[in-house]
Amino acid sequence: MSETQPNPVTAALLEELHRLAAQLSPADAPAVVFEP
Amino acid sequence: MTIEDAARKLRAREVSAVELAQESLRRIREQQPRLNAFITITEDLALGQARKADEELARGRDRGPLHGIPYALKDNFDTAGIPTTCGSRILADRIPDRDCETYSKLRAAGAVLMGKTGMHEFAYGITSSNSSFGDIRNPHDPARIPGGSSGGSGVAVAADMVFFAMGTDTGGSIRVPASYCGCVGFKPAYGRLSLDGVFPLGYSLDTAGPLTRTVRDAEIVMNALGDFAAPATPRAVRIGVPENFFNERVAPAVAAAYGDALRHAEQQGCRLIPLAVPDPTGLNAIGRLILLSEASAALQRFLTRREDFGPDVLVLVEQGRLISATDYIDAQRLRRVFQKQWSQLREQVDVVFAPTIPVQAPLIGQTEVSGEDVRLASTRFVRPFNVLGLPALSVPIGSGGLPIGLQIVAPAANGTGLLAFAASILK
Chain A
1 MSETQPNPVT AALLEELHRL AAQLSPADAP AVVFEP
Chain B
1 MTIEDAARKL RAREVSAVEL AQESLRRIRE QQPRLNAFIT ITEDLALGQA
51 RKADEELARG RDRGPLHGIP YALKDNFDTA GIPTTCGSRI LADRIPDRDC
101 ETYSKLRAAG AVLMGKTGMH EFAYGITSSN SSFGDIRNPH DPARIPGGSS
151 GGSGVAVAAD MVFFAMGTDT GGSIRVPASY CGCVGFKPAY GRLSLDGVFP
201 LGYSLDTAGP LTRTVRDAEI VMNALGDFAA PATPRAVRIG VPENFFNERV
251 APAVAAAYGD ALRHAEQQGC RLIPLAVPDP TGLNAIGRLI LLSEASAALQ
301 RFLTRREDFG PDVLVLVEQG RLISATDYID AQRLRRVFQK QWSQLREQVD
351 VVFAPTIPVQ APLIGQTEVS GEDVRLASTR FVRPFNVLGL PALSVPIGSG
401 GLPIGLQIVA PAANGTGLLA FAASILK
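Chains as they are written, first to last, in the numbering used here: chain A, 1 to 36; chain B, 1 to 427.
Read the hints as simulated data drawn from the structure, not as lab findings.
Keep in mind that the hints are not guaranteed to be accurate.
To be verified - Derived list of chain B stretches under chain A, where covered just means 3 residues or more per stretch with a C-beta under 8 angstroms from a C-beta of chain A:
1. 282-294
2. 318-326
3. 331-337
Where is the CB? At the ideal position from N, CA and C, for every residue including glycine.
Between the sequences and the hints, there should be enough to build the whole structure, so can you do that?
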């Protein structure tokens, strides 16, 4: 049976991510971008 | 004996490549039942490559410092005609039809492949306790983990089975076994060494690098793989000493050895600069989320064989599929923000010193150390430098007892000077 919900460890990581991501501005581009 | 020593003896005809390979095989056979460092031992291939190395030297063909030197590859480096399992029973019968670039370059350098080393399944963990191929054991105490995921490579070097072994490092997987086993482990800057033919785990985090007995040997292997010019040894280096995060929950023996290493560096003429480093806790969080996502992309095709995964890896693969694309992209956006913050440290320091791991090797099966999850305790000081893509080296420090590692990090991606600096002050 596959997991369908983040476990508490993953949920805590996502909570930390969301806290940090609140500081991002739209101009902050990701580290991985397409390189032609 | 180091690579340098062996190379000198080979050219002085004090030893032959076949004799080095035979001694390596003797050590492997002697230690394998106790330590389980290897998944595949390539005896016939090794003796054939060693004979060729001797013949070439006899007629004046010298391929350089790795000519005739026994080594091993982690079992996620593809080798044509030789099983390459990634430490998983899912790939137990996988035999690649082409070589990875690392093996091609090492063969061209005349090095002698003794076999493929054991690892944490799919390189996705740091204990090297492996339900497919058995637990790999620490040579300093076989009841303890060697660290991982390049556990077999760390053991093979630390137990004198080979002169060097290649590993991969996505969240500490070269530096962790180097620290727990007591050898040198070098994670180059992201993108520095080719990953062509290396089984992926975290596409934007994976690096390949050597585990060796000395820093100088790591330099020799890197030069053979990357053709890097040896830089001049830097003088009056400014060493950043973190005053946050990297001094938290550090075991007394590790703290004492780290303090000694700082004093030694100061005596060598280095300046110690107290440093506040930008949010390693945040770096670890985004690093783990990026890896969850990328590893699931790489491994989810094997979920049709769910029962063949080790339970720890299966949980991670399933959890990674639950990270949204938006969250993954935000983690990669934050990575760039952290990268800018850390790059400013270059104005203040040339290198950063920190313990590689805050504890010494836990027992096999132990899940917590000092009240902390073993996996988190083992990776929280090393993972940030995968996220930042920076070169980082672990060298053994301390005396007696279980090994302890010192991590030396260059705050700039150009890490060629890092090995030269480390070699100069760690005499």
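Verification of the hints:
1. 282-294: Held - the region 282-294 of chain B has 6 residues with a Cβ nearer than 8 angstroms to chain A, which meets the minimum of three.
2. 318-326: n = 5 at 8 angstroms, threshold three: holds.
3. 331-337: holds (count 7)
Consistency with the previously given hints is maintained throughout, with no hint failing.
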